[in-house]
Amino acid sequence: MPDSLQPPNWDPAPFDERDLDTVLSGETADIPDALRPVADTLAALRAAPTRAEFSGEANIMAEFRALAEFRALGLRAARHSADPADTLELHALPAGHGRRRAARHRTRRHVPPVSWRTGSLMGVAAAAVIVIAVAFFGNLPGPILRITGHASTPSPPSLQGAGSKDSKTGNAKPSGSHPASAPSPMWSPSPTPSTSPSPSELLCRSYLAGLRHPESEAEVSLRNKLATLAGGADPGQVSLFCIQQLGHGRHYPGTDHESRANLGQDSQSQSGGTGQAAQGQQPGSGASPTATQSGTGASQSTQSAPGPSQGSQDGGPTPNPPSPVSSPAQ
Amino acid sequence: MVGEDFAALLAAAQGGSDEAFAVLWRDANPALLRYLRVLAPENAEDVAAETWVQVVRGLPRFTGDEAAWRAWLFTTARRRLLDHARLRKRHPAEPLDGVSAAEMPRTADAEQLAMENIATEAAMSLLSRLPEQQAEVIMLRVVAGLDTEVVADMLGRSPGAVRVAAHRGLKKLATLLSGAGVTL
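Sequence order for the protein chains is L and G. Heads up: the first sequence runs through residues 1 to 330, numbered per my numbering. Heads up: the second sequence runs through residues 331 to 514, numbered per my numbering.
Don't read these hints as lab results, they were simulated from the structure. Treat each hint with caution, since some may be false.
[Said to hold, decoys possible] Facing chain L, according to a computed beta carbon distance under 10 Å, are these residues of chain G, among others: (1) Leu457; (2) Pro461; (3) Val472; (4) Gly475; (5) Ser508.
Every residue gets a Cβ at the ideal spot worked out from N, C-alpha and C, and that includes glycine.
Generate the whole structure from the sequences, applying the supplied hints.
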């Protein structure tokens, strides 16, 4: 057998892994002699620091101070920005309060108090525009007529004929007559609108046109007559009556045909200007302010006119003021 | 090691106390320098300085005990070391072979310093002859005082692999010491 096959010198290991762990942990007792130099080497690595190992202290401390000052400045700036003098301080509230307050705040923000005032002002302005338009043009604006469902197609019967017809039936006809059940041949209660102005309309137009000179004699006379028709001398009541007349009276002409007849008859007999207006002129010409202001005859013919009250008694769609028996102004 | 006062010192340093930070620095910097001198003798001081600058910047956000503090410090140093190694590969430094010894900078007490830490310097020079991984594991276990699990986490290896590397390094060191007849 060759010598090379001889096993090498298998000396037992002078230390095991536990000894290595002991050396690593820094313990020097009970370690094999073979590991003693290793233990001394590791102890030299753990030796006390030398002065050279503190040489860089000045530099790193300067860096630390600079960064500390920078952070302090940042904190001061942050505190300054959060100064109570610049910031609204909100005090802590118990649970539940914060949510409720926030909701109220949101509601307040979404509905500013200006909006309802603006809406009210706009509504008043729109109403004033409508009244003025009706007063000057004798007709409601087209969009309003469409809204109220009233067409403005003119198919007027002759007011002159109606006036003569009604004058035949009697000027002293009681207000309890029922035109809807017994319509006159000239004034059918058909829903087809008529553009012929009624006497009350003419009165109202004259009254509203003369509002620029409210103390004039003609205006006072007109107001008194309209007060008789409206059932009160209150200017607001008169204005309401006129609005109703100018806005709705022509669509159901049978309701006030007697007052028309009275007005037409008186106008024909007393005043040419107003009589022309009452004799079936188209609204564009007969309702002109100059024409109504110049004539005062119409104002004298409606003292006993029962007109508008009949509409309400007939169950018409327009609620009119009660019919006066006699004019309180006279 | 700082010991029981570490939490108070750390809080004070995080609050801006330079005295507290100086205590922490004096406790850890020698070990850090020794670790770096074993792994990168040429630029250990530069890497140590960059490491401390990074630690100072991240100090207010640090939370943990002393073991975590040291682990954070040496992890930061290891990353800076890797950065330096990459930089060295891209921009290799010129050797100073042409400079005579008389022209080399030296401090007044260089000899005294050398006499003070001759044993430590000899030990580090021995460790630097080990394979890098084994030397690093031994330095982290012995000088930094970190547990096997912490070192394994730092190096991205298993605790068993770290233990094996440490044992192999110690055996190699024993062989070197016995063969060279080095006495510390």
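Hint by hint, here is what the structure shows:
With its C-beta approaching chain L no nearer than about 7 Å, Leu457 (chain G) sits inside the 10 Å limit, and its interface hint holds. At about 16 Å, the closest approach between the beta carbon of Pro461 (chain G) and any beta carbon in chain L exceeds 10 Å, and the interface hint on this residue is violated. Evaluation of the Val472 (chain G) hint against chain L yields a held restraint, the C-beta minimum of about 5 Å falling below 10 Å. Given the 10 Å rule on beta carbons, the hint for Gly475 (chain G) holds: about 9 Å separates it from the nearest Cβ of chain L.
Here the hint on Ser508 (chain G) is kept, as its CB sits about 7 Å from the closest CB of chain L, short of 10 Å.
In this structure, the one hint that does not hold is number 2.
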